[in-house]
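Chemist: Chain V is already provided as a structure; the job is to place chains L and F on it using the hints.
So the sequence lines, in the order shown, correspond to chains V, L and F. 1 is the number of the first residue of the first sequence in our numbering; add one for each residue after it. 1 is the number of the first residue of the second sequence in our numbering; add one for each residue after it. 1 is the number of the first residue of the third sequence in our numbering; add one for each residue after it.
Rather than coming from a laboratory, the hints here were simulated on the basis of the structure. Since this is a predicted model, take the numbers as computed values, not measurements. It is possible that part of the hints are untrue.
Said to hold, decoys possible - Not everything, but these chain L residues come out facing chain F in the computed CB check (under 10 Å): (1) 77; (2) 104; (3) 141; (4) 143; (5) 196; (6) 247; (7) 308.
Think of the CB as a built atom: it goes at the ideal place given N, C-alpha and C, for glycine as much as any other residue.
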Amino acid sequence: MLKRTGALAAGLAAAPLIAACQPGTTTPKGGSGKVVVMTDPHEFGDADVKAIQDATKLKIEVVENDLTRLYAMYAAGNPPDVFRVQAAGIPQYISRKMLKNLQPYFAASKVLKPDDLAPANNFYKWDGKQIGKGDLYGMVKDWSPDFTLYAYTKAFEDAGVKVPSDTAALTYQELHDLAAKVNKKAGAKRVYWGYVHSNNDQWIDRSAMNMLAEKGQSLYSEDFSKANLTGNPEAVKVFRYLYDLAAEGLHQTPVDPSPNWMGADFNNGQIAILQYGYWFSAMAESDTTKGKTVMLPAPTWSGTRRDPTMTATGWVISSQTKDPDAAWAVFETYMGGAPAVARASSGWGVPGLKSLYAKMPTDTPFQKQVAKVLNAELPYSDGVLQFNPYLGEETFSTAWKKHLEPALKGQISFDKFLANIEADVNAAIADGRRIVGQ
Amino acid sequence: MVGATRALERPAVARPAWWRRRRTRRALTFYAFVSPWLVGFIALGAIPLVLALAMSFTNYDGLNLDYIRVVGLDNYARVAGDRDALLSLQRTLVFVGATVALGLVVQLGTALLLDGPVRGRGLFRTLFYLPYVVPVVAGAWVWKIFTDPNGGLLNAIVNVVDPGFAMNWIVEQPTTVLVLFTVWALTGGGMVVFLAGLQGIPSELKEAAQIDGAGSLAVLRHITLPLLTPVILFQVVVSMIWSLQIIQQPLLLAPGILRGPGTLPPQDNYLYIVHAYHEIFVQQRFGYGAALLWLLFLVTLGLTLVIVRSSRRWVHYEEAQ
Amino acid sequence: MRAAALRYPALVIAATAFSLPTFWVLVTSVKKQSEFSSLRLFPSAPEWANYQLAITLADFARFATNSLVLATSYTVIVVLTSALVGYGFARHRAPLRDQLFVVVLAMMMVPNVVLFVPQFVLFAKLELTNTYWPWILWALGASPLLVFLFRQFFASFPRELADAAEVDGAGPLRVFVQIFVPNAWPAFAAALIFAYTWVWGDYLYPILLLNDANTTLAVKLATAYADPHGNPLQTVTMAGVVLYVLPLVVIFFVAQRFIIRGVVTTGLRG
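Bound conformation, chain V alone (with noise of 0.2 Å):
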């Protein structure tokens, strides 16, 4: 903790930023009847807000999701009630504290039941030492087992290749070999890029940890101290793996990227395999694509299926919060009333709850198809990633993909590659590590 020299000599200049962090234990409960809400309008629309403040007369500010101004709330000791956060995110804010345990509340609710939670709320569970272990801290807002893939049938066409089956799972290398043939260019345009994945990379530690889980391993060491690469010759094969989809030109990356995301490109007809979720079925059909949209089952890499949520987007409350059950009431109104209703028949992600399963809409063929797919992938959606609460969300993609460029311009090796992205992550872990004392 702080050394009292130190103290000493930063004292006057730290006061008030560290006096402005205590919590606020002064505030009696039951607040102001105002919960703050920290998320991404988009998916918390001034209907929902209605709803809520009708269905618990609380009264909801809305703040926009911003890294800078939920530090900015700690700093000043009053961070929002209610806040969004990502899979990977989750053990980091578990571990530090920041979040309130929620299984009493989920004990004693009679809209979110224990038995009806959808298995990617087990992402918000940390015992201190794995995700899917121990108390519940938040839940999924919805989610989708997110390894599955869309394929665009005229660039099939294209290349004379039969559109594999929506039934069987292909294996990674499957995948592969059938993206060199319907990946194509033109001179120097592209026409169709053969397989893009993991949300362009922001991803790619999730690919690899569901790629290495398969085979019951870990991107990282048990206890979190170090990332797994160059030393484990399972791990290079999966990272061989992504490179070489790279290298091929297969997929978007720094040399041969798009100008947009890559949901936008294969609603342009540009990419011919595209690996997301559930949740794209409700855009994947553009003026372009319509008729020509399969969605097929997420491959597998050595025949043990998984295919869980990457992100297990989602709220949690603050452990500073002053009105815990306030923030609760607007929290169980959210996940369990009518606008988790609302989001479930929007066909924008499978429900956290599974007594919600049957609203997902099944009008149009294509949404027929996209069901049969999601029902028979819905049974390897049990499983977690090991998300390391030593590191930031996107520690591990940004070092892979700032060490990808120069390799990809034969300015480094591979295995060069794979040293620079460990030494990295190794860093941010150790830095991590000592700032809660270990």
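Modeler: Frame of chain V, contents of chains L and F only:
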């Protein structure tokens, strides 16, 4: 000549009592005029500045403050071993040099062209000004699709002359695109400043010179530019400070769309401030990032002082006394 | 006269080059979302619905009003205070003046990112977050950039200007208001354009200090035009940009009329 008057050197003799009273009066007047800024600075500026400085001496990581610890000068010492910091500073200086120089030429050029009576002057001014108010998010998207090798307008135009031409601009020439985008977006602001500055130049001076047989280039060189030097100094200093700090432009010109703090520009556009931003938001090293930014502040201050010092030789002031 | 003959062609070429990306904003604003970044240069048919979406997705009128209130109040105050301060630095000598001016310049050089958290903490302690007060207080304290701008302008005014008035016995404030201000319209116009554009366009501080209900149009422009998963709808954004830019163009058009050659000659009148 009105414009050519120089402040006279004050003789170094003992000053009479009345002058000293006048001096006090002048000082009081000065402080009265600058009091809004002075009070504002003390009330609103000082506390955040001290806190921001204090942050750079801690291990602050943006999360809750229970774990905050004072680490002394460790963050500053760490910079010396940070290869990315040094490389990115180098790139930043190149980028800033190019942006300020090209920007100055374009801004001053458009202002000079639009200073006199020209047909459609309001329209031309508006066309040059417009990019300045296009939000940077939208501007970046436009430049990305504009330079895109697949459906981009730029290559389509070049192809009219050179049909085989194919260039992926933001990959092969990222800094060129960044400089052009920045200059494009900034011209309007600089042009307004220079247009306003040109108003301060008495037209009699130019007319007199023209009667003496000076051509328009000679008038520009010997009358207009010298009298515009205070404004040129302003514009150089402001654009330099500004371009040292640009963060959104390189991130938005990165491949794909801006998505999360991990958005990574091509190596050539990985500028110093992008590095600091990444250290803060991706690596969660807020303390270290703050130290990087305070060093950038010192670099900026140093460069500014060099320019201001040198300005004593090339800037022409009409200051009282 | 050769240079003068080249002026018009030079203008037309420069303006065309400059306007291509701007023009592309317009073209993109009527493309279908699936045509953005596609191989097709021009839209198959103009998609006017983008404009309708731009207005409804962001509750345009409400956030435009917020921007208008915030930008107008900030601009009026900050231009006045900055002119006073800039005049002080330009025309009055006092101990510590040059050192203080370095502080003014230095305030422009502190990267925002390090100040965000402390500034938020300060305003949170004053209970002024989610209000427009921070902007009003900042405006009362003058803007370093505009102080610098005014200082450079006032410093270049002929010194006879002030001398003549002072001989008449006018006080410093009267000299400023009656002699300097009337001759400084171009500087005021430039400052007004800058201040207004800054507040209208800034979204970092509104995200930091305001909430989703009283935030500005710039924030919505950067965030509102997206599908429910936050993926951007660029063509709708471009339509939003066109609407968003219009007020600024009007302001510019009005303000730039003050920047017309011949209003000020020597500055010595009467």
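Chemist: Each of the hints needs a verdict: does it hold here or not?
Modeler: So, going through the hints one by one against the coordinates:
{"no.": "1", "hint": "77", "result": "violated (18 Å)"}
{"no.": "2", "hint": "104", "result": "violated (15 Å)"}
{"no.": "3", "hint": "141", "result": "holds (5 Å)"}
{"no.": "4", "hint": "143", "result": "holds (6 Å)"}
{"no.": "5", "hint": "196", "result": "holds (4 Å)"}
{"no.": "6", "hint": "247", "result": "holds (8 Å)"}
{"no.": "7", "hint": "308", "result": "holds (8 Å)"}
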